[in-house]
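Using the sequences and the accompanying hints, generate a full structural model.
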Amino acid sequence: MEDAIVNAWEDWARAQLAARGRADAVPVFEGFARAARTLRQADWNQRADGGDAPGDTEPERRD
Amino acid sequence: MAATRPETPSPSAVTEPLHALTAIEAGRRLRAGSLTSEALTRACLARIQALDGIHRAFITVTADEALDAAREADRELAAGRDRGPLHGIPVSLKDLIDQAGAPTTAGSRVRPMTPAPRDAVVTARLRAAGAVLIGKTNLHEFAFGTTSEDTAFGAVRHPLDPERSAGGSSGGSAVAVALGMSPISIGTDTGGSVRIPAAACGLVGLKAAYGEIPCDGVVPLSETLDHVGPLARTVADAAAAYCILSRRTARPPVPPPAGSLRLGRLPEYFEEVLSPGVRAAYTRALDMLTQAGVRIEQVAVPHAAEIPAVYLHLMAPEAAAYHARTLESCPERYTPAVRARLEVCRYMLAEDHVRARQGQRMLRAGVDAALASLDALILPGLPIEAFPLGTEAVDVDGTRHTIRNLTLRLTQPFNITGHPAVVLPAGRSNGLPVSLQLVGHHGATPLLLDVAAAVEAIVAGVGRDDGRAD
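Protein sequences, first through last, are from chains A and B. Under this note's numbering, the first sequence has 18 at position 16, and the numbering climbs by one with no breaks. Under this note's numbering, the second sequence has 119 at position 118, and the numbering climbs by one with no breaks.
Because the hints were derived from the structure by calculation, they are not lab data. Predicted model, so just to flag it, every value in this text is computed and none were measured. A few of these clues could be false.
[Unchecked claim] Now the stretches of chain B that chain A is said to cover, found in silico as 3 or more residues with beta-carbon under 8 angstroms:
#1 48–61
#2 356–369
[Stated by the list, open to error] Distance ranges between label pairs, derived from CB positions:
#3 I55/B to G33/A: 54 to 62 angstroms
#4 A33/B to R36/A: 31 to 39 angstroms
#5 G102/B to G23/A: 33 to 41 angstroms
#6 A458/B to R42/A: 42 to 50 angstroms
#7 A6/A to A394/B: 29 to 37 angstroms
#8 Q18/A to D69/B: 47 to 55 angstroms
#9 A325/B to A20/A: 40 to 48 angstroms
#10 A10/A to G102/B: 45 to 53 angstroms
#11 D65/B to A10/A: 58 to 66 angstroms
#12 P389/B to G33/A: 20 to 28 angstroms
#13 A373/B to R22/A: 48 to 56 angstroms
#14 V28/A to M114/B: 16 to 24 angstroms
#15 R72/B to Q18/A: 52 to 60 angstroms
Every residue gets a Cβ at the ideal spot worked out from N, C-alpha and C, and that includes glycine.
Dropping the structure here:
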């Protein structure tokens with residue numbers, strides 16, 4: 003998923019770590035960023051029992 | 002229980018040295034008058050003196066306080082005052098848990114070496130139950146790691162092979178129990194920090210359901226994932242500690258008949274990445290359970306592949322909030338690897354934390370659904386055997402995995418969902434312990450311990466390894 007805000011945020015975070023003398027933490031950040039992408043791509047609207055997401059009161063369409 | 006209760010020692014109890022006694026067996030001897038708490042405590046202190054220079058299980062040893070408490074326990078038991086199953090039994094605490102009068106270092110140079118002014122709630126409960134607090138155990142700094150190598154007090158070393166990791170973050174607690182320095186130790190578990198070292202060292206490790214055991218007076222890593230729990234040699238010992246920590250009436254586990262047990266295995270995700278030795282031992286254990294009459298079904302947890310990402314985005318913001326001030330004021334006092342991860346924890350998007358909370362609800366519902374018609378889920382506790390110190394990544398089935406991701410893989414799901422989970426020994430691979438993990442229903446930790454006691458008895462024939470290196 004391409005997201006301009008996320009891309010800008012990640013660039014800023016890398017630059018911040020480098021500016022703070024923490025270039026060694028950038029590989030850790032890359033790992034966290036990969037995990038975040040996994041999280042954003044997941045379909046959190048599918049409940050375990052096949053119904054709607056928790057808190058979603060919209061009735062399931064049957065047509 | 003009356004102090005004059007007659008002793009019925011098991012054959013092994015007659016020959017085992019004092020430091021090798023389980024808490025339950027030691028308690029039986031204390032009540033029979035054939036053992037004193039002072040002698041037991043001195044035996045444990047002698048093990049610390051003899052072995053801790055190599056294994057580095059302890060940060061602080063409270064020997065004088067322990068001996069005073071032991072003598073008091075002996076006086077009380079002799080007078081017929083019985084405080085329960087841990088009365089007079091040495092217990093160690095992970096050095097993340099406050100014990101009044103001793104510093105709580107969290108395995109770090111960040112915290113001052115000043116004594117804690119008061120006990121954590123769990124410490125107070127242990128004291129009230131007559132436990133003998135023998136010392137504070139070493140850990141991965143601030144519980145933020147699974148190897149117990151990154152600590153200001155020297156890497157914890159495995160009880161069977163000092164060149165290997167004991168797991169973590171409660172690594173010192175696992176070594177203390179495995180080497181007979183205390184029959185029970187109390188650890189903490191945010192992503193597996195009780196169960197990982199227990200599995201690596203051939204012990205029983207219990208994470209009760211979320212919220213059952215209070216964390217007040219315990220240095221937090223992530224408040225929504227943190228749990229306190231015991232490490233012990235047997236399910237019965239862990240159950241005794243659990244009852245005290247959760248302030249329940251003492252109740253030894255009652256194993257149900259094997260033929261009545263229904264367990265669910267999780268081939269998808271949870272059995273996909275296992276070392277050949279762990280897979281072989283796990284398969285043997287499942288075969289033994291089936292032969293004993295246990296019914297084992299296949300179930301699944303939707304969204305399992307997203308578990309590591311959900312975990313990270315629940316844990317990291319909370320860790321960052323706790324450490325933000327000291328990361329600014331004294332960053333050089335952290336060990337480098339822990340510092341790097343904590344600093345990056347500050348760079349998280351709030352919307353990702355919200356997604357992780359959505360994921361947490363889904364995963365919790367998924368585990369509930371998988372458990373619906375079962376007594377417990379069954380899976381390995383740790384996908385690999387104890388690994389050499391300094392290992393950063395290993396190959397499993399041709400794929401490279403970081404040690405951190407691999408060690409957390411099978412335990413962190415149940416910190417996210419809050420279900421009770423227990424690991425127990427299930428044989429060895431290349432001489433190193435392999436474990437099973439059982440996951441129970443919310444609100445039913447005692448029943449999970451009953452199931453664990455049944456499984457423990459059945460898989461003992463796999464080649465039970467209590468991890469002791471005498």
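*Can you list which hints this structure breaks, lowest number first?*
1, 3, 4, 9, 14
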